[in-house]
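*Asks:* Chains as they are written, first to last, in this note's numbering: chain A, 10 to 348; chain B, 10 to 348.
Read the hints as simulated data drawn from the structure, not as lab findings. Yeah, the Cβ is synthetic: ideal placement off N, Cα and C, and Gly gets one too. One thing to keep in mind: the hints can contain errors.
What the hints assert, rightly or not - If you anchor each label on the Cβ, the simulated ranges turn out as follows:
1. B:Glu57 x A:His149: 36 to 42 angstroms
2. A:Asp199 x B:Glu23: 55 to 61 angstroms
3. B:Glu193 x A:Glu88: 45 to 51 angstroms
4. B:Lys340 x A:Glu88: 30 to 36 angstroms
Number of protein chains: 2
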Amino acid sequence: MFDLRVLNKEEIKEVLNMNDVIKIVEEVYRLKAEGGTTVFPLIFHEFEPGAADMDIKSGWLKGYDIFGLKVVSWFGGNEKKGIPALIGIILVLDATTGTPIGILDGAHVTGMRTGASGAIGAKYLARSNSETLLMVGAGHIAAFEIAATLLLFPTVKNVMIHAPLHPEHADRLAASMPDILREEFGITVDRGVGFHAVRDLENAVKDSDIIITATPSKTPLIKKEWVKPGTHFSCVGADMSGKEEIDPEIFADARVFTDDTEQCINVGEIEIPVARGILKREAIAGEIGDVVTGRVTGRESDGQITVFDATGTALLDLLTGKLALDAAAEKEIGTIVKL
Amino acid sequence: MFDLRVLNKEEIKEVLNMNDVIKIVEEVYRLKAEGGTTVFPLIFHEFEPGAADMDIKSGWLKGYDIFGLKVVSWFGGNEKKGIPALIGIILVLDATTGTPIGILDGAHVTGMRTGASGAIGAKYLARSNSETLLMVGAGHIAAFEIAATLLLFPTVKNVMIHAPLHPEHADRLAASMPDILREEFGITVDRGVGFHAVRDLENAVKDSDIIITATPSKTPLIKKEWVKPGTHFSCVGADMSGKEEIDPEIFADARVFTDDTEQCINVGEIEIPVARGILKREAIAGEIGDVVTGRVTGRESDGQITVFDATGTALLDLLTGKLALDAAAEKEIGTIVKL
Numbered sequence: 010m011f012d013l014r015v016l017n018k019e020e021i022k023e024v025l026n027m028n029d030v031i032k033i034v035e036e037v038y039r040l041k042a043e044g045g046t047t048v049f050p051l052i053f054h055e056f057e058p059g060a061a062d063m064d065i066k067s068g069w070l071k072g073y074d075i076f077g078l079k080v081v082s083w084f085g086g087n088e089k090k091g092i093p094a095l096i097g098i099i100l101v102l103d104a105t106t107g108t109p110i111g112i113l114d115g116a117h118v119t120g121m122r123t124g125a126s127g128a129i130g131a132k133y134l135a136r137s138n139s140e141t142l143l144m145v146g147a148g149h150i151a152a153f154e155i156a157a158t159l160l161l162f163p164t165v166k167n168v169m170i171h172a173p174l175h176p177e178h179a180d181r182l183a184a185s186m187p188d189i190l191r192e193e194f195g196i197t198v199d200r201g202v203g204f205h206a207v208r209d210l211e212n213a214v215k216d217s218d219i220i221i222t223a224t225p226s227k228t229p230l231i232k233k234e235w236v237k238p239g240t241h242f243s244c245v246g247a248d249m250s251g252k253e254e255i256d257p258e259i260f261a262d263a264r265v266f267t268d269d270t271e272q273c274i275n276v277g278e279i280e281i282p283v284a285r286g287i288l289k290r291e292a293i294a295g296e297i298g299d300v301v302t303g304r305v306t307g308r309e310s311d312g313q314i315t316v317f318d319a320t321g322t323a324l325l326d327l328l329t330g331k332l333a334l335d336a337a338a339e340k341e342i343g344t345i346v347k348l
Numbered sequence: 010m011f012d013l014r015v016l017n018k019e020e021i022k023e024v025l026n027m028n029d030v031i032k033i034v035e036e037v038y039r040l041k042a043e044g045g046t047t048v049f050p051l052i053f054h055e056f057e058p059g060a061a062d063m064d065i066k067s068g069w070l071k072g073y074d075i076f077g078l079k080v081v082s083w084f085g086g087n088e089k090k091g092i093p094a095l096i097g098i099i100l101v102l103d104a105t106t107g108t109p110i111g112i113l114d115g116a117h118v119t120g121m122r123t124g125a126s127g128a129i130g131a132k133y134l135a136r137s138n139s140e141t142l143l144m145v146g147a148g149h150i151a152a153f154e155i156a157a158t159l160l161l162f163p164t165v166k167n168v169m170i171h172a173p174l175h176p177e178h179a180d181r182l183a184a185s186m187p188d189i190l191r192e193e194f195g196i197t198v199d200r201g202v203g204f205h206a207v208r209d210l211e212n213a214v215k216d217s218d219i220i221i222t223a224t225p226s227k228t229p230l231i232k233k234e235w236v237k238p239g240t241h242f243s244c245v246g247a248d249m250s251g252k253e254e255i256d257p258e259i260f261a262d263a264r265v266f267t268d269d270t271e272q273c274i275n276v277g278e279i280e281i282p283v284a285r286g287i288l289k290r291e292a293i294a295g296e297i298g299d300v301v302t303g304r305v306t307g308r309e310s311d312g313q314i315t316v317f318d319a320t321g322t323a324l325l326d327l328l329t330g331k332l333a334l335d336a337a338a339e340k341e342i343g344t345i346v347k348l
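With these hints in hand, go ahead and build the complete structure from the sequences.
*Replies:* Spelled out as structure tokens, the structure:
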């Protein structure tokens, strides 16, 4: 029998901080660029089209000797029953013996690694003097994106939040963001950053240096003509075929990076621009790991529009999960079960 | 957060008995034949060819409102380290809300459901007056096959065990089988069944009514000319491309059933006979569930040779796992963790 550590959301919160997760996510991108990882095929099943589905993402991080999976289910009708719609479980195993190492709640790990991803896209592609962040979407992921971006951009002074379907969610998030940063992330922003809910998306886009999109949208929310030169987009919402957040025409002359080019072409923000021929496959500048390792130049000029399409892989969940498990072992946090 | 029950091998042994598992496995075959199940694509990865691999099997049992997966790793070098080579974990989730129900050690569940599978193949296809069982293979699975077959065939008086690579394993298993039945399965065989290790496979085959093969062989062990009319084979060993236990020519005039025809053609005992054209796809009589539901006749005459090719699906692990979780909940066995 094996000792297996089980970490729930509260325990994961105690042991993970965003600065460390940002380092780990960068490390995953670097490893992937260097060929030290394998992403296994995605399993996806709809129990009821548009209402209930599940997916299993899995992979292997050779350099860290771990493999494993994340199973995520989404049941739209859950909220009526007082159950979260999105539920995830991560299983981390030792790739030298096949023994299980730990089981983690997937929701907080997903939030942390996705927040880090969007911000890392900005770190490598946005202008370093960026002052204005526009967060499109005010759901579960939004606070993670804002927290990670504020950590990486001390220059950011103004955070705008736009919620396309439920403007009141943006109001609520903007009002509580300083508390969330302090209480959920242990971050105190003492440089006078303003958080504002915005209803007029067009004017917000025109004023933004960095735009992060994290919505379940299936039609473009942001028009090309609104985008000022030099804007950076991190698109993290599109992770399933048909999802789309920004005008496909933006891709006609943007410098575009992905987290996993094959997966992004299949299910990411670039799915539709590639399918329509607006973005040629060979015009994709590379994966973000190529920029992290310095093999490909990120932004080439201050006026260039850059896009990072982040669809997410199990690799991010597994290494972030391992980071949490190691920290929890040191602090003796979590439940040990004998399996 | 959710209450999740975790069951290790000892706890699973306390709550599962072979008679109930046989019923559950038959129920899975029936459901599958009636279209109440979905098997998701198999994920398979070799870390080191021939030395270390892992697979993820997953699926959905609509009628029982559960879905989930089993991850199994095999690391050949583990035994030197004092770790089992084969390690499995089963995760059962609720298919109406996506919430996790339980996590189970996979080894005992796999043994129980695989033992039940081989015996159910014999129940529906072997002659009902069968007296002699030949078990080919004396590894982890053998005792499960023997236990389940003895439960279903009160007529069986003679059990021969052959271990192709390590004859001493067959000696050991034959000597300890009465104790194993009593201690591991709670079965007392008081009808004078004899357990014999046999080295001469040819003569053993000639004497057998039911032959169950559960080896990792990649070349046929049993020749066609040894097989007497009326013999039944349950082949449970071949579950990966290239594995093969019996002469492909046996399939030329046998009545053949599968547990999942697509999967068997890809990775089962029929892979090679189908690839070579010895067994035509359309000559496969059906899936075992078709016999369980009465839609297809099993054995057609006393002299016919019958084969059941059982590759195993996650459906078996999930419903057997659910049976164990329900029994454990009733008896308050296992560890509850909050995830």
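*Asks:* Hint compliance check: list the failing hint numbers for this structure, sorted ascending.
*Replies:* none
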